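Undergrad: Chain residues, written in single-letter form:
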Amino acid sequence: MNLTLKIWRQSNAQATGKMVDYKVTEISEHMSFLEMMDVLNEQLINNGEEPVAFDHDCREGICGMCSMFINGEAHGPDRGVTTCQLHMRMFKDGDTITIEPFRAKAFPVIKDLVVDRGSFDRIQHAGGYISVNTSGNTQDANGIPISKHAADEAMDAATCIGCGACVASCKNASAMLFVGAKVSQYALLPQGQVEAVDRVKNMVAQMDLEGFGNCTNTGACEVECPKGISLENIARMNREFLSANVKS
Amino acid sequence: MSGFFKSSIGRKYAMALSAFFLMFFLLQHFAINILSVFSPDAFNEASHFMGTFWAVQYVLQPVLIFGVIYHFVMGFILEARNRSARVKKYAKNNGAANSTWMSRNMIYSGLAILAFLVLHFIDFWIPEINTKFIDGDMTGLLPNGEGFRYYEELVHKFENPLRVGAYVIAFIFLSLHLMHGFSSAFQSAGATSMRKEKLQLFAKVYSILLPLGFIFIALFHHFNH
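In order, the protein sequences belong to chains A and B.
So that you can map any letter, position 36 of the first sequence is 36 in the UniProt record's numbering, and since no number is skipped, the others follow by simple counting.
So that you can map any letter, position 34 of the second sequence is 34 in the UniProt record's numbering, and since no number is skipped, the others follow by simple counting.
Okay, chain A solo, but in the shape it has when bound:
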């Protein structure tokens, strides 16, 4: 198939940036979106032009690195997939595809389609962990009984790969689905209870500090999340946050 691509080009963080049109030809419908981008970049390199910078790593839908906003949706029009798992069969011959970086004040553009998602790391550092004593007295994790329901819900929350599609999709650039998932995965398990109060307070404080917007419950994040993280995690985070503030 032959396509017209409208791609955000920005040479560095300080540059203004603009949308630039490119044509790609003979794209196979079996290619992934990133393979199509590879074809474009080969073409640009052969023409002596600067290739389009974009994030990618595993290309298996599990690392959370790829981050494009394609035709007005994070990770494109397919559901439950990252950009690397989006296939060109989702498009038609002759289509014009608009490709932009994830937009948020807390995700500044580094170059072209690459954004700095360090704000997610800083939120994780604020409390997205448990402290385990590794002195040799550590209790066997299997020795702590956990209900199947809680284990399943915690696992569902833990599948968040931190790609940032929730922030990109949210009309308010809110990070609450991400933070909700990270809070929930520990809140549901006994191992997470020791630091539960500080965790939610510190992670929410860091989230606010980073400049993310507020959740207005549009549900866009849940729809666009490649891992299907549920809004239920935001409600749980809200409950955890209220309870933590009442306790201390």
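Just so you know, these hints were derived from the structure itself, not from any lab.
It is possible that some hints are incorrect.
[What the hints assert, rightly or not] Just some of the chain B residues that point at chain A, by a computed CB distance under 7 Å:
| no. | residue |
| --- | --- |
| 1 | A85 |
| 2 | K92 |
| 3 | S99 |
| 4 | S184 |
| 5 | G190 |
[Claimed, not checked] Chain B is nowhere near these chain A residues, computed Cβ spacing over 10 Å in every case:
| no. | residue |
| --- | --- |
| 6 | S32 |
| 7 | N71 |
| 8 | I110 |
| 9 | Q139 |
| 10 | A173 |
| 11 | R239 |
Just so you know, these numbers come straight off a predicted model, no measurement behind them.
C-beta atoms are modelled at their ideal positions from N, C-alpha and C, and glycine is treated no differently.
Starting from the known structure of chain A, arrange chain B on it as the hints suggest.
TA: Just chain B, lined up with the frame of chain A:
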């Protein structure tokens, strides 16, 4: 609790709390207004009670005014913060692919309701306060002293088709606002998914039937007098 209400989640709780109060108030307002369709006397009695009972006038009314102002002001503050969280907008954003129009446009439906409230205050609240507290007439009687004035005033207000039209449009916006706002308030308050599922039907009934009921009252009095 220090800093709770300054945090993003704390503000959402406060927004939800004021929404619950306003939704309860709407229900109570409707319950009294609908009396005007069935029994002018009952409507007069209820209006007089609400307009003169001290707990309503000096406790609930100030709480209501605070709730309304808080809901609007916090709505604007949150909207400003949310807008600043994305300085550079998308060239192409397909919001309809993942969310409802109502959920994306709460600020506009809210502004329409605010505009209506200004009209509503000029129509009913300010004359009411003027009669009771400036003129000092707490009797609730017509100038000629023949019965209560409330029903007559209500009917008189709905004579003007332009005003009735404005009321109808405003309540359509209220319905759109509630279609998202009702369940959104429960989500913000941390309701569990099981509870939310049970609330879904009630939310739909409330957000459609209640504004429709207010529209019915306005049209009923317009066409029957």
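Undergrad: Using Cβ atoms only, decide whether B:K92 comes closer than 7 Å to chain A, and label the hint accordingly.
TA: 4 Å, holds
Undergrad: Should the hint that B:S184 touches chain A count as held when the rule is a Cβ pair under 7 Å?
TA: Where the cut-off is 7 Å and the nearest Cβ of chain A is about 4 Å from B:S184, the hint holds.
Undergrad: Is the hint on B:S99 kept, meaning its closest Cβ partner in chain A is under 7 Å away?
TA: 4 Å, holds
Undergrad: Using Cβ atoms and 10 Å as the threshold, tell me whether A:Q139 really stays out of contact range of chain B.
TA: Fine: 30 Å to the nearest Cβ keeps A:Q139 off the interface.
Undergrad: Would the stated hint for B:G190 survive a check requiring a Cβ distance to chain A of less than 7 Å?
TA: With a closest approach of 4 Å, the B:G190 hint holds.
Undergrad: Against chain B, does A:R239 keep a CB gap of more than 10 Å to every residue?
TA: 4 Å, violated
Undergrad: Close enough to count: is the Cβ of B:A85 nearer than 7 Å to one in chain A?
TA: Holds - the Cβ of B:A85 comes within 7 Å of chain A, reaching about 3 Å at its closest.
Undergrad: Determine whether the non-interface label on A:A173 survives the test: each CB of chain B must be over 10 Å from its CB.
TA: 4 Å, violated
Undergrad: For A:I110, which was marked as not at the interface, is the minimum beta-carbon distance to chain B over 10 Å?
TA: 14 Å, holds
Undergrad: Say whether it holds or is violated: A:N71 keeps its Cβ farther than 10 Å from all Cβ of chain B.
TA: At roughly 6 Å from the nearest Cβ of chain B, A:N71 sits no farther out than 10 Å, so the non-interface label is violated.
Undergrad: A cut-off of 10 Å on Cβ-Cβ distance, and A:S32 was said to be off the interface with chain B. Does that hold?
TA: Label holds. Min Cβ-Cβ 21 Å, cutoff 10 Å.
The structure fails to meet hints 7, 10, 11 from the earlier list, while all remaining hints are met.
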